[in-house]
Every structure is written in C-alpha cells, then in structure tokens.
Amino acid sequence: MPAVLEIEGLRKTYKSRRRGTRNALDGFDMRVDAGQVHGFLGPNGSGKTTTLRTLLGLIRPDGGRMTLLGHEVPNALPTVAGQVGAIVESPQFFPHFSARDTLSLLAGAGEVPATRVDEVLELVGLRDRAGERVKTYSLGMKQRLAVASALLKNPKLLILDEPANGLDPGGIREMRTLMRTLAESGMTVVLSSHILGEIQLICDSVTIISLGRRVAFGPVDEVLAQHSSGAVRVRLEAVSDLPAATEALTRAGIRVTGHPDHLMLAGVDKPASVTRLLAEQNLYVSELAPIAVDLESVFLELTATAPVPGQHRQVDESMKVGGTGQPGATAGGWGA
Amino acid sequence: MSLFRTELRRLSKRRFTRYMTLLGLLVLAAVVVGVFFTNQKIGAEQLARAERQADQQYQDQVRWSEQERSACEQAKKAGTATDGRYPDDCSVITAPPREQIEAEWSLPSTFNFRETFDETLVPFAAILALVGFVVGASFVGAEWSTGGMMNLLLWRPKRLTVLLTKLAALLTGILAVTLPAAVLWFAGFWAVATFRGSTEKMTSGVWQSFVLTGLRGVALVLVLTTIGFALASLGRHTAMALGGVVALMVVGQFGLGILLSMASVKFAEAWLLPTYALAWMTKTVTLQNWDSCNATYYGECKPETMDITWQQSSVLFSIGVVVILGAALWAMRRRDIS
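As they're listed, the protein sequences go chains A and B. Taking UniProt numbering, the leading residue of the first sequence gets 1, the next gets one more, and so forth. Taking UniProt numbering, the leading residue of the second sequence gets 1, the next gets one more, and so forth.
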C-alpha cells in the first residue's frame with residue numbers, strides 16, 4: 001500500500017535564554033498508508049501537535065524529511081494543500097461570523113464550489129444552526145464546524161487533532177461512523193486523540209509518540225500483541241489441585257502467581273502447552289483465559305504515564321526511548 | 001484572484017469595519033453640516049448690518065474716551081494719585097478714527113470655497129486615516145488572534161501571498177470608501193459655499209491644487225491603513241497596533257514634545273510626526289524659533305524659520321512604510337504559527 005504520509009527523522013528544537021533548549025521533536029518517524037484510519041497518540045506535550053503543525057507548514061522544522069501524498073513538504077505544500085484537510089488543536093474561528101459564512105469564505109479562498117458548504121454542514125449535523133454566529137456555539141458544535149472545514153475540500157488525506165473534544169456521546173459515535181465511512185470511500189484519516197478506546201475501535205494502525213520520538217507503531221492488533229505480557233489465567237476443576245499445578249508449571253519454567261481460586265501465569269507463549277502439561281499430571285483445566293491488553297494500558301506502559309499514587313506527574317515526565325530501533329516496532333518507517 | 005475576492009468579502013462582512021466606516025463618515029458629515037450652519041452668505045443686508053455695528057462700536061469708543069478724558073482731567077485737578085492709570089496729557093485720550101473700525105469685522109462667518117476648502121482636506125484625511133488605521137489593524141489582528149489566519153494558511157500555504165492579498169483587499173476596500181467620500185466632501189463644501197458663502201474666482205489652477213491636495217490626503221489614508229495592518233500583523237493582535245500608536249503618541253510625541261520644549265530645542269516640532277502629516281497635506285509647514293532675532297533692513301526682528309516640505313514628509317512616510325511592512329512580511333515568512 002502506498003504511503004500517504006511519511007516522516008523521517010523530524011526535529012524541532014525550541015531555544016530560550018531562560019528555559020534553555022527543548023527538543024519538541026527528536027528524530028520522529030511516522031508512516032501512514034493510503035485508505036487507513038491511523039491513530040496518532042501521545043501524552044500532553046509529547047510533540048503530536050508540533051508534528052501536525054510542522055507537516056502542514058505552520059512550523060519550520062530543524063531537520064528531517066516529510067512527504068504528503070508523495071510530495072516533499074513544506075516545499076510542495078501549495079501543490080498538495082488542496083488535497084489535505086486538517087484541523088489542528090482546538091477549533092478556532094472568527095466568533096462573529098456564522099458557520100455558513102465561515103465555510104463560504106474558506107471555500108472562496110480555496111476555490112471550492114459553494115454547493116460543497118451545504119454538503120459538509122449536513123454531514124456534520126450543523127445544517128439547521130448554520131446561520132448562527134460561531135460565538136454562540138458549544139465546544140462540540142465548534143468541533144463539528146472544524147471537521148466540516150477540513151472536509152470542505154473533499155480531501156484525500158484528513159488530519160484531525162482531537163476531533164472528539166467536547167462532543168457528546170452521540171456525537172462521538174457519529175464521528176466514529178463518519179471516520180469509517182470516509183476511510184471506506186478511500187480517504188486516509190489521521191486522528192490524534194486521547195480517547196484511546198475510540199482509537200482502538202476505529203483505527204487500523206497507530207503511532208505512539210513520547211517526548212518527541214516514536215515509541216510504537218504499526219497495525220493496532222500487532223502493537224497490542226507486541227506489548228501483551230503473555231499472561232494467562234488458569235482455573236482447575238478442583239481448587240485443591242492448585243498447589244500441584246503450581247509445582248508442575250514452575251518446574252516447566254513458567255512464572256506462577258497463586259490466587260485462592262485460580263493461578264496467574266506469565267510468559268506463556270502458547271496457552272495450549274499449559275493444558276497439555278497439566279493434563280499429563282491429571283490436572284484438568286476448567287478455564288484458560290489469555291489476558292488481553294488494551295491500547296490504554298499499552299499507551300501508559302510505553303509512555304510511562306500511568307498514575308502513581310502519591311505522585312504528581314509533570315507534563316514532560318514520560319518515556320524517552322534510546323533510539324529509533326526501539327522494541328515493539330512492527331512495521332513502517334521511511335522506505336519500510 | 002479568488003483569494004482577493006474572498007478577503008474583500010471578509011472585510012466587508014466584518015461588523016467592526018462597517019461600524020468604524022459608518023462612524024467616520026458620520027463625523028465627516030457632521031463637519032460639513034456644522035460648517036453649513038455656522039456660515040452665512042454675505043449680501044446687502046449683512047453688509048448694512050455690519051456697517052451699523054461698526055458705527056455703533058465707533059460711538060461706544062467715542063463715549064468711552066470722553067468719559068475717560070474727563071475722569072483724567074478731574075483726577076489731575078484734584079491731584080489724586082492715579083497709579084499710572086492716566087497719561088500725563090489727558091488730551092491724548094481719544095477715540096480711534098471711524099475708518100479704523102472696519103465693517104468687515106462685524107460680518108458673519110462665510111465660506112469662501114477658494115480660500116478655505118483646502119484647509120478642510122486636512123481633517124478629512126485625518127479622520128479617514130484614523131478609520132483606515134484601526135480597520136486595518138483589526139482586519140488582520142483579529143484574524144491572528146482568533147486562529148483565522150492559521151485556518152487560511154492550511155488552505156493557502158503561501159504566507160506572503162496570503163498577507164499581501166489581505167493587504168491589497170484592505171487597501172481596495174479603504175479606497176472604495178475614501179474616493180466616493182472625497183467626491184462627496186468636495187460636493188458638500190461646494191454646496192456649503194454656494195448657499196452659505198462664495199464660489200467665486202475658482203480657476204482651473206485652483207481646482208488642480210485642490211485635487212492634488214485631495215490625492216495627497218487619499219495617499220495619507222492608505223499609508224496609515226498599511227501601517228496599522230503591518231503593526232497588527234507583526235504583533236499578531238489588533239492591540240499591538242492600537243497599543244503601539246498610543247505609546248508612540250503619548251510617550252513618543254507628547255512626552256518628546258515636553259522634553260524638547262524643556263530643553264529649549266530649536267524647532268521642536270520638527271521632531272513630531274503630526275508636523276510631517278500637516279506638511280504633507282499643506283505642502284509646507286514653516287516652523288519659527290521665537291528665541292532668535294533676524295534683523296531686517298527695516299529694523300524689524302524676525303524669528304528664524306525652518307520649512308518642512310511635503311517632499312521631506314514623503315521620504316519619512318516611505319521609510320516608515322518600508323520598515324514596518326517589511327518587518328511584518330519578514331515575520332510572516334520566518335516565524336512559526338502556533
């Protein structure tokens with residue numbers, strides 16, 4: 001599948017006499033294939049928005065290469081801008097214009113047919129409120145308007161920074177459906193979000209960034225698999241058999257944690273080997289359940305941002321990886 | 001071209017633009033109406049009334065001088081101390097000759113188009129320049145502070161093209177208001193002169209001079225509009241331009257004026273910007289140094305003078321526009337947008 005978005009070794013450094021030097025992006029890599037819904041995750045201050053702004057020509061990078069739709073940016077931005085719809089960070093519009101005026105002015109600037117304005121207003125559910133001034137809108141309505149402005153160009157690549165911000169549950173579900181529909185129509189969607197359950201539900205692949213570097217990337221299920229601990233929960237027909245089972249499994253080199261009515265095993269590659277081993281000892285399994293990890297726990301583990309009781313984590317306290325070839329990488333990268 | 005048309009639409013849709021333009025035009029209309037009602041046409045009746053008033057003044061002077069002369073003589077006879085109130089010779093207390101009290105002094109104010117119209121072009125240019133400055137600053141400043149500029153750059157990534165197109169649309173919009181307003185200003189004062197004054201002695205040379213002054217006024221409006229726009233773009237906020245001007249006027253002009261005056265600097269006004277704006281409009285402003293004395297052949301003491309010309313003003317304003325607009329363009333090209 002051709003890459004719609006590729007970033008290699010992207011660097012952005014902010015220098016301040018008072019606060020010194022801070023690497024917002026420290027050799028960041030990313031790849032998004034055509035037709036995918038791609039999740040872009042990272043803790044606050046990790047460099048997500050800086051990446052998107054740099055990609056869209058709003059921030060000048062200090063190093064690295066970027067392409068959008070096969071064209072090197074920022075040089076080719078005037079060529080590709082008409083095919084890339086984007087909202088960056090919170091939606092911002094002139095508060096005294098109506099939604100229709102706002103979109104109509106953008107359509108005029110981008111030479112998009114005026115009929116497209118009503119189409120996107122319908123699509124994001126703002127048709128009946130389109131004549132009202134933006135300053136009367138709720139955050140969720142502004143978010144819908146922002147998505148509408150990004151869709152106005154009917155882009156090949158849609159980049160949305162926190163699109164579900166401020167949306168009600170119904171709105172989040174509508175947004176999810178919209179993203180899937182757009183992807184099915186051939187549009188590539190890059191979603192930056194903190195709602196990891198949503199990302200896991202709608203994204204085909206993810207990139208996780210921490211302190212300006214990529215810490216994981218690839219298809220969602222592969223990232224989850226790479227970071228599952230191989231934990232398995234085992235229950236036996238008779239609770240009295242648990243000590244014998246513990247002894248047999250420990251002898252086989254499996255780490256076992258005992259509980260009153262079950263055992264937790266760690267480092268199990270093939271759960272079938274557990275049933276075979278126990279059966280050979282005449283111990284019969286009533287439940288064998290691999291413990292699934294979700295994106296949230298992988299994210300917290302990779303970025304080291306899980307809350308610790310009694311500690312107040314600061315914004316920049318997250319995982320710093322050693323190099324570009326970090327464990328957990330499954331695919332992607334420049335030329336991969 | 002589509003971006004230019006869109007920006008022109010954006011400018012005309014903004015409420016601030018509409019309200020400020022309306023306010024500026026209302027002030028201009030108020031000036032014309034005010035001049036209309038404070039002037040009168042001079043006819044035989046007004047001349048006769050003025051003559052009567054001059055006679056009355058002469059009679060008052062005669063009566064007063066006689067009273068004073070007799071009081072003076074009584075004081076001399078009584079030998080009362082007058083503390084220098086009266087001269088030694090009481091006969092010198094006389095009324096001025098009748099011909100020295102001119103009837104013209106008692107004439108009502110009248111609007112002579114040939115003599116007065118060019119003076120009205122100064123407030124015309126000043127009011128519209130102020131409107132242009134704040135509208136220009138707000139047009140781009142609000143775009144920056146509300147995120148509109150960022151949205152636009154996601155559609156049109158060529159930053160300089162975007163900023164210059166916005167400026168071109170703004171100047172077109174201001175010109176579209178200023179030129180008809182100038183025509184109405186000419187027409188308004190022509191009407192004032194027709195009904196409340198005189199339109200005599202209007203030669204083609206006078207008309208040419210008025211038109212050229214009007215064009216210089218339009219240029220001043222465009223320059224101030226550009227500077228307001230560029231300052232707000234540089235600071236990425238309307239307040240940057242407005243605050244900058246307040247600071248410049250209060251600290252840079254009033255403060256500097258007081259300081260120069262205290263230091264007894266010669267031609268202190270030469271350091272103040274309004275002098276150059278006035279010179280631009282009136283072609284020349286002559287500054288005088290009252291502390292000096294240049295003796296003439298007739299023994300008079302004339303103060304030293306210094307002329308500020310419209311050419312000097314044009315150099316100053318050109319440099320100002322190039323520096324401020326250049327800085328705004330440089331910042332637009334180089335600075336990150338966050």
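Calculated directly from the structure, the hints in this document are not laboratory data. Incorrect hints may appear among the rest.
Said to hold, decoys possible - Cross-link-like lysine-lysine pairs, in silico, DSBU-like; alpha carbons within 35 Å at most:
no.	chain 1	residue 1	chain 2	residue 2
1	B	Lys41	B	Lys76
2	B	Lys302	B	Lys283
3	B	Lys13	A	Lys156
4	B	Lys158	A	Lys15
5	B	Lys13	B	Lys158
6	A	Lys135	B	Lys158
7	B	Lys201	B	Lys41
8	A	Lys156	B	Lys41
9	B	Lys283	B	Lys201
10	B	Lys283	B	Lys41
11	B	Lys13	A	Lys135
12	B	Lys201	B	Lys302
13	B	Lys266	B	Lys283
As the list claims (entries may be wrong) - Quick look at which bits of chain A chain B covers, simulated, 3 or more residues with Cβ under 8 Å:
no.	stretch
14	53-63
15	68-80
16	96-109
Since the model is a prediction, treat every value here as computed from it, not as a measurement. Every residue, glycine too, gets a C-beta built ideally from N, C-alpha and C.
State the violated hints by number, sorted upward, taking the hints as numbered earlier in the document.
1 and 8
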